[in-house]
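We have chain D already, so just place chain U on it with the hints.
These protein sequences, in sequence, are chains D and U.
Residue numbers are given in the working numbering: position 168 of the first sequence equals residue 168, and the series is strictly consecutive.
Residue numbers are given in the working numbering: position 366 of the second sequence equals residue 366, and the series is strictly consecutive.
Straight-line C-alpha distance at most 25 Å; calculated DSS-like pairs for lysine-lysine: (1) D/Lys-16 with U/Lys-121; (2) D/Lys-78 with U/Lys-16; (3) U/Lys-129 with U/Lys-295; (4) D/Lys-78 with U/Lys-129; (5) U/Lys-80 with D/Lys-71; (6) U/Lys-80 with D/Lys-78; (7) U/Lys-63 with D/Lys-78; (8) U/Lys-329 with D/Lys-159; (9) U/Lys-161 with U/Lys-121; (10) U/Lys-307 with U/Lys-368; (11) U/Lys-63 with D/Lys-80; (12) U/Lys-71 with D/Lys-78; (13) U/Lys-148 with U/Lys-267; (14) U/Lys-80 with D/Lys-16; (15) D/Lys-6 with D/Lys-307; (16) D/Lys-80 with U/Lys-121; (17) U/Lys-80 with D/Lys-80.
Just so you know, these hints were derived from the structure itself, not from any lab.
Protein chains: 2
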Amino acid sequence: MAKNAKLLIRAGYIHKEMAGVYSFLPLGLRVLSNIVAIIREEMNTLGAQELHLTALQDPEPWKKSGRWDDKVVDNWFKTKLRAGGEAGLGFTHEEVMMRIMQEYVQSYRDLPILAYQIQTKFRNEERAKSGIIRTREFLMKDLYSFAKSEQEHHALYEKVKGVYAVIFERLGIGKHTYPTFASGGSFSKYSHEFQTLCEAGEDTVYVNEEKRLAVNKEVLNNEVLADLGLKKEELVERTAVEVGNIFEQGTRFSEPLGLTFKDEAGKSVPVLTGAYGIGPARIMGVLVELCSDEKGIIWPQAVAPFKVHLISLGVGRSNSERSAEAFYKTLLQKGISVLLDDRDLRAGEKFADSDLIGIPTRVVMSEKTLEQGKVEVKDRKTGEVRMLTEAELLGSLN
Amino acid sequence: MAKNAKLLIRAGYIHKEMAGVYSFLPLGLRVLSNIVAIIREEMNTLGAQELHLTALQDPEPWKKSGRWDDKVVDNWFKTKLRAGGEAGLGFTHEEVMMRIMQEYVQSYRDLPILAYQIQTKFRNEERAKSGIIRTREFLMKDLYSFAKSEQEHHALYEKVKGVYAVIFERLGIGKHTYPTFASGGSFSKYSHEFQTLCEAGEDTVYVNEEKRLAVNKEVLNNEVLADLGLKKEELVERTAVEVGNIFEQGTRFSEPLGLTFKDEAGKSVPVLTGAYGIGPARIMGVLVELCSDEKGIIWPQAVAPFKVHLISLGVGRSNSERSAEAFYKTLLQKGISVLLDDRDLRAGEKFADSDLIGIPTRVVMSEKTLEQGKVEVKDRKTGEVRMLTEAELLGSLN
Numbered sequence: 001m002a003k004n005a006k007l008l009i010r011a012g013y014i015h016k017e018m019a020g021v022y023s024f025l026p027l028g029l030r031v032l033s034n035i036v037a038i039i040r041e042e043m044n045t046l047g048a049q050e051l052h053l054t055a056l057q058d059p060e061p062w063k064k065s066g067r068w069d070d071k072v073v074d075n076w077f078k079t080k081l082r083a084g085g086e087a088g089l090g091f092t093h094e095e096v097m098m099r100i101m102q103e104y105v106q107s108y109r110d111l112p113i114l115a116y117q118i119q120t121k122f123r124n125e126e127r128a129k130s131g132i133i134r135t136r137e138f139l140m141k142d143l144y145s146f147a148k149s150e151q152e153h154h155a156l157y158e159k160v161k162g163v164y165a166v167i168f169e170r171l172g173i174g175k176h177t178y179p180t181f182a183s184g185g186s187f188s189k190y191s192h193e194f195q196t197l198c199e200a201g202e203d204t205v206y207v208n209e210e211k212r213l214a215v216n217k218e219v220l221n222n223e224v225l226a227d228l229g230l231k232k233e234e235l236v237e238r239t240a241v242e243v244g245n246i247f248e249q250g251t252r253f254s255e256p257l258g259l260t261f262k263d264e265a266g267k268s269v270p271v272l273t274g275a276y277g278i279g280p281a282r283i284m285g286v287l288v289e290l291c292s293d294e295k296g297i298i299w300p301q302a303v304a305p306f307k308v309h310l311i312s313l314g315v316g317r318s319n320s321e322r323s324a325e326a327f328y329k330t331l332l333q334k335g336i337s338v339l340l341d342d343r344d345l346r347a348g349e350k351f352a353d354s355d356l357i358g359i360p361t362r363v364v365m366s367e368k369t370l371e372q373g374k375v376e377v378k379d380r381k382t383g384e385v386r387m388l389t390e391a392e393l394l395g396s397l398n
Numbered sequence: 001m002a003k004n005a006k007l008l009i010r011a012g013y014i015h016k017e018m019a020g021v022y023s024f025l026p027l028g029l030r031v032l033s034n035i036v037a038i039i040r041e042e043m044n045t046l047g048a049q050e051l052h053l054t055a056l057q058d059p060e061p062w063k064k065s066g067r068w069d070d071k072v073v074d075n076w077f078k079t080k081l082r083a084g085g086e087a088g089l090g091f092t093h094e095e096v097m098m099r100i101m102q103e104y105v106q107s108y109r110d111l112p113i114l115a116y117q118i119q120t121k122f123r124n125e126e127r128a129k130s131g132i133i134r135t136r137e138f139l140m141k142d143l144y145s146f147a148k149s150e151q152e153h154h155a156l157y158e159k160v161k162g163v164y165a166v167i168f169e170r171l172g173i174g175k176h177t178y179p180t181f182a183s184g185g186s187f188s189k190y191s192h193e194f195q196t197l198c199e200a201g202e203d204t205v206y207v208n209e210e211k212r213l214a215v216n217k218e219v220l221n222n223e224v225l226a227d228l229g230l231k232k233e234e235l236v237e238r239t240a241v242e243v244g245n246i247f248e249q250g251t252r253f254s255e256p257l258g259l260t261f262k263d264e265a266g267k268s269v270p271v272l273t274g275a276y277g278i279g280p281a282r283i284m285g286v287l288v289e290l291c292s293d294e295k296g297i298i299w300p301q302a303v304a305p306f307k308v309h310l311i312s313l314g315v316g317r318s319n320s321e322r323s324a325e326a327f328y329k330t331l332l333q334k335g336i337s338v339l340l341d342d343r344d345l346r347a348g349e350k351f352a353d354s355d356l357i358g359i360p361t362r363v364v365m366s367e368k369t370l371e372q373g374k375v376e377v378k379d380r381k382t383g384e385v386r387m388l389t390e391a392e393l394l395g396s397l398n
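Okay, chain D solo, but in the shape it has when bound:
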């Protein structure tokens, strides 16, 4: 089992339902929600509109684009309707986005539009692997851009690309993540992936650290190297996980689905579209792969399920128990998220669980620390231990 699944299951973040299908338990949902909140915030800075499409998919629009056939798309989940006919479970949503936009886009004045959702995708993978990095059911942020000209499309594309870099930076994987040239499609020579260097990955990429870019092995050849002005010997082979991707689609979907607009001359023209994905649960898995040690997980501040893990020792001894409860309430009142461990267990067990769960700041209250009028504060990442008064700790957390 992949390290991320092993640690996340042991620490109570996720529960395996079937191969490649994981539920998120309270701790896990908190991390996932933190990741989602950062992505949503950045989508909104783009002026993108959030909507929510369905999982059940009408075959019609997919037949128009040629993607309904299992010989074309081999990872559909399909299901029969009691009322007759069948439906698919969306593995992506281009076709239905086009169909919806058809009702809202008439004129060049209606463009550009950016629309996104954070919604569950289903992919009938032959093999599920790498824990929550590649699953059969997963949350995805998918953004779609709709433009009236190449120029407008490229401006949107570059803007989103910039915001993606900000997102990965905020999520704590910025320095490990490279914009990567990958295979394009009929409408552009390349697509861009965002690849995070990580041994649990399935992709092989060639990285130029200095230029902060990479090339996916699947497109690496002399022509590509010449295109990008790179030399093979400047590149280092690494294993990576694709945490995001951005595609130029041109009229690949707008044309078969009839998404057109009237230009300034009154002529009907297909809209130019782009699609931009990020997998929040996949990023959670990558974070565990990158931020963990032999004792457990080490969450980056931005996504940690709680800021503070408050451990009360000497449960049953009224003094330390009361103090821990009072300090727990103080932290909550100050808006600092805190997990209280007041279980009646040995200190060693509680410390081991705390290291496994990986909340950034561990605070221990015991008879001994209280005698000094202090609490013991340990940084999960550096291991540094300090004795602080409650006021000092509160100051350092804000």
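Quick look at chain U alone, frame taken from chain D:
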């Protein structure tokens, strides 16, 4: 087509993908999110833990409870795995909740537990009808309670029942919603539904307005009337929509799934469970049925997609356009959500759209209102129109 679907589609809140399958467009997602936020807040006051289970369901636990068979549960969506075998799409989640809890409940000291999720359910309905009131794919809040004794179970049950009343009150359907006796199961004579009186409903209930309770037609007989101390002639027949339900399950699911705990005497005993559902999208549909007139929707404040619909007339005339944009920014800075209509259309069209969309407060800025140093403020519900200065309006909105 049901009134709720007709109005919500016309006003751009939802998009019909297939019969009984609706996407939520930006306006619709805002309303749905407001409803969800209220429900989540109240679940958290119960001290319930939020988690997120999967849509794809492993057949195993359902076979144990006897609910996998299509002859027992006729509205499963099922799908084949490429890797072999099949999976269901969860229409509810008792079985997997039991399986997860099995790993976390060992002793009486681990109980009680309340756990909930706000997640998508799939039901292969023979007929989809009533717009978004009965659909094949829908968001549901499902809460489960786990107790060690009848007494503990009943305390939880009553507590949740109380919180349900608060939720419906906050959502603006309190006075139309009745706790309703409905058929129980093997473990309790009755279950409780929360039925909102509404012509679009599918249920027939007998209401006692004074006592604020109702009886579902399906259980109305002399024995039930005697049980509840009601007389047939005190009851009025009404059509209603079930917006919530609460079930006592006893050991119906814990026993076949092996969810037990060690009691104080060290004996292994099955956990007593309860299940508590609310359908946020269904409530959105009911709100439209109840709060609308011939011109469109009239959202209650608590769930409205925006607080203010700011309509700028005289687009192109720089003075009113600039003023509307400046006031738009002011409202946002004050944390007042606002939808700006700066389209270049006739006033009449913009007013008709505003009535259709149903945001509580309509604010018009035009050359004429600006001459008076005022804005025109119209209450969507009462129709009352007032001329206010910007400062007066801001004061009235806070």
